[in-house]
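Undergrad: Chain by chain, the residues run as shown.
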Amino acid sequence: MPVVVAGTRLFTHGGSYMLHVRGRWGLIAAAIIVAASALGLVAAESAVAAGPIASGTSCVADATTGCLQGKVVDDNRNPVAGAKVTVTSPSAATGSSKTAKDGSFFFAVTEAGAYQVALDPSSLPTGVTPKTPTLTVTVELSNITPAGFALNGHAKGSTSHAAASVSFWQLLGQQFSQGLLLGLLLALAAIGLSLIYGTTGLSNFAHSEQITLGGFLAWVFAVQLGLNIVVSAVIVIALTSLSGYLQDKLIWGPLRKRGLGLTQLMVVTIGLSLALEYVFQLIFGARVYPVATDLELNTGPLNITPTAYWSMLVSIVVLALVGLALTFSRLGRATRAVADNRALAAASGIDVERVIRIVWIVSTGLAGLSGVLYALVNGGVYWLTGAQLLLLVFAAVTLGGIGTAFGALVGSLIIGVVANVSTLFIPQDLKYATGLVILIVVLLVRPQGILGRRERVG
Amino acid sequence: MDVGFYFSTLFTDFGSTALSVITASYVIAAIGLNIHFGFTGLLNIGQAGFVLLGAYGFAITVRFTQNFWLGVVVALVAAVLFALVLGLPTLKLRGDYLAIVTIAAAEILRLLGDNQLLAPFTGGTFGIPGSAFSKPFSALSPFPQNGLFQLGPFNYPLSEGDSWWLRIVAWGIVALSIVVSFLLVRSPWGRVLRGIREDEDAIRSLGKNVTVYKTQSLVIGGLFGAVAGIVNVLATSVSADAMGRTLTFELYTCLLLGGAATVFGPLLGTFLYWLVLVFLRDTIGFWVPSGILSQQQIPQITWIFVGVGLMLLVIFRPQGILGNKKELAFGD
Amino acid sequence: MTDDDYDYDRAELRKKLDKVDEVPGSAKPNPILTVDRITRRFGGIAAVDVDHLEVQRGSITALIGPNGAGKTTFFNLLTGFDIPDRPQNGGEKPHWEFQGRSLASTSAFRVAREGMVRTFQLTKALSAMTVMDNMLLGSQEQTGEKLSRSMLWPLWRGKEKAIRAKAEDLLGRFKLLEKKDDYAGSLSGGQRKLLEMARALMSDPTMIMLDEPMAGVNPALTQSLLGHIQDLRDRGTTVLFVEHDMHMVRFISDWVIVMAEGKLVAEGKPGHVMQNQAVIDAYLGSHHDQDLGDDSVLDEDFATAVTQEDAELVKEKEALEAYADSVRAQEGDEN
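Chains as they are written, first to last, in my numbering: chain A, 1 to 458; chain B, 1001 to 1332; chain C, 2001 to 2335.
To be clear, the hints were calculated from the coordinates, so they are not data collected in a lab. Computed from a predicted structure; not experimentally measured. Do not rely on the hints blindly, as some may be mistaken.
To be verified - Below 20 angstroms or equal to it, Euclidean Cα-Cα: the simulated PhoX-like pairs (lysine-lysine) are:
(1) C:Lys2161 / C:Lys2146
(2) C:Lys2263 / B:Lys1326
(3) B:Lys1135 / A:Lys257
(4) C:Lys2166 / C:Lys2180
(5) C:Lys2093 / C:Lys2263
(6) A:Lys84 / A:Lys71
(7) C:Lys2093 / B:Lys1326
(8) A:Lys101 / A:Lys156
(9) A:Lys98 / A:Lys131
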């Protein structure tokens, strides 16, 4: 089931994924997706049958469909199965459904407006009554509208979770591990962003689209073509790296030669980012594309899914490799030399343009990997996945101290953990806002970032 | 499907776009951005935040008090405070910091606006309908409250909603904003701003308090943004998602198209920007069969054009139409 | 411009300086700038570590030293463009005062407002603005620069006229008048140096601090620059300038301060200081070959080389003074 990402409306233009991309835009990256996705873009559509109000076990919103869905839970927050829920549309059409084992119900509707959602008290276990038997909600097409029922009392066998599982520390622990995971994924993207900034001075706003590209390509290979996820990931990294190479060769390299200022270049990346976002939307619509299809349970010391463990492991290994390469390899030293003083590096015989091109290749590959893993552990990818993460990535880079690779890692982990832990205190959908607030607060106290050096003027 | 119909539609759409309150609000916001970016060299990529704050400050206040002027004051005060919050930590630092903080702060505002917790005030993702706050403004109209007025193909209400009254006020504010920005940037104060854009250290060495000037610039440009927000929502409704990052990017496109650091650049650029959008929309809608591009995909195509257009503009004509290459607003 | 204790008469000034001890940190009879305990480290290396320094009012004082001696950093610290380190182990705080007013922890713009205006080693002419706009920005008297008055042009139009007249006068002196409507970016390197100096003078500074005014200037212009600097002094502006080329220093300065590796190593009259062993060591030991303006001096006995050069220098000096006189004469005509 698609995950509704916090605070974002999903618009889908159902079914019409006509491709219309012209090569002369020079957006080779887009062309790759086109080629890849043309292989089979009859994406898995909604499980719900057509009709004014249809019920089912899942619902996908698109331009003509709105989802009305919710859960019925008792006062121990345990789901209640078999409860009868009836909805009435603005035009008085009705539909009803019984809740599933997990207490959930789904209605797919084709008409926007105010709906009555009623819970039949007689379908509830004895001793259990609804707090409010009828709800009125406003349904929009192409969106998911929640409608949940809380009950008074509980049936026999419904155990209280109060003591058993919701201690604050457990929640904290879980959010912390989720935060580490997010932090590591941010770090993959952040180090690339920081390397590009360090060697070229460019703040690359189109870095977000590399993340999105990684996610979509993962969907194409792992889901559409059914390849093994590891194989898919390798292909995705190769393709995103290739897109980085082509970008530097066709756009950034020539523009550097043209002598464009850094601010100008930054605005160019903003334009590119905007164009690519809508290329993604044009091709994929606004739907979320899940990459991991199996349902997994949280397990182990960090209480996260096995895929999440693997993602963390992969991130740590890759980050460590990048760190080692930067510190010890010839190329890594050359990269740092270029970042430190470009003119001096060039004078001492380093091929600066080559270093920059490799930095682009590595950075976009890392962002691609970040996109794959993010899509795996966060329910999927959609056209704004990268855009949503980009500011957090920038925040991480700035927080750590602009231009320091290690700082980017530290900044990412802090942002990831704080954003997740903050959900214990503030609404879930403000999670990313917290990350950005920290950034502003840190700049007030320690402007050079956590690991940055104090600025020299004059 | 005749060509005559296409042209008559196109020209009517051109006309209504040129009169549109939304166009006026873009011009005002772009004038603010011009003070930041064009004249002072401040890389504010969160101008949408100022617009949003003006919109919310005005709409929420008027919604609960039905007092138009109080709403305006709250919107302006909110923009000043926002500018100070953004400016204090960043204006002493390198330009990149201002960029990331402004875009982050604008995003925070948007997320807060969408948040369900504040829905009693902001309306959450549904926003605030225009009817909740537009009455006191309509009441100020010298025209009859009810009724429509037709001028050629343009038929709008006299006083209510997206009315002739609002159009007159909105374009009046545009004219006033241009005069104000002209007086500001041609003054010695504006000269200092341009100096800061060139080299802050040089200006410091000449005894000017650069941080104060940059803060003033951020506040003044932000005030234009807030006014744009008020004007904008009077014609429509408040919606946080309509005032996100893409709005800022659109404003940059307008500004750069017309020419940053020129007084009339924002006006000319915004006009052209909207005319191009209307042209694309009408032309694709009319000539491209819906089997190739559905109606819903037209906005996506136009956005792609905006993105690519912004890239080409910055690469090939960064000074825009009116600008002087020698006096380029882009630093380094 | 009248100032009671300013030595408009240069001979008078030199007489006073003759009595000053030629040791680092020596006391001056009438110091305009006094510096105490100022240090700045970059990554463990002390770029500047000056214990005490006084600069005589009315003098042209040269601050010399090999590359990397910390001269520019020292300038930045004095003018508020950099912040000195806090004392370690509870030592006394850095302190420096200008005309009796403390400048420690004063921001750069306030230092300029106090009357101590600087220029930069890499010229900071505002290249996308006209020469005239550059000059107008130099003034500190334009109240139209206040936001509250900016839109009310009648309030500042009169002042603008006066400032413009002054700018034209200065541009005339610096031979830039016909360039006044050109973009500063179109000027040559030397003209930019001149413009930067002229711009600094718009505020009638009490003291001007020039960071390598001669660097990158073609030799033809160098002489006129030197003339201007002497002229500044004679009109009542104390001059402190950084230079690492000894040639320049010798004719125009009244006093020379030598820095090496962040520290003051010598002070004295220009003729004497170059024979100081500490200075010779600083220059020869620094492995920077261009510092004394002549490669050959590195291979020979330093003092001898300097003495040999002296004869040529005296000739150059005479030529220069003649030039300076002609400048003054010309100005006399104009007035």
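Undergrad: Looking at the structure, which of the earlier hints fail to hold?
TA: Going through the list in order, the structure violates hints 2, 3, 7 and respects the others.
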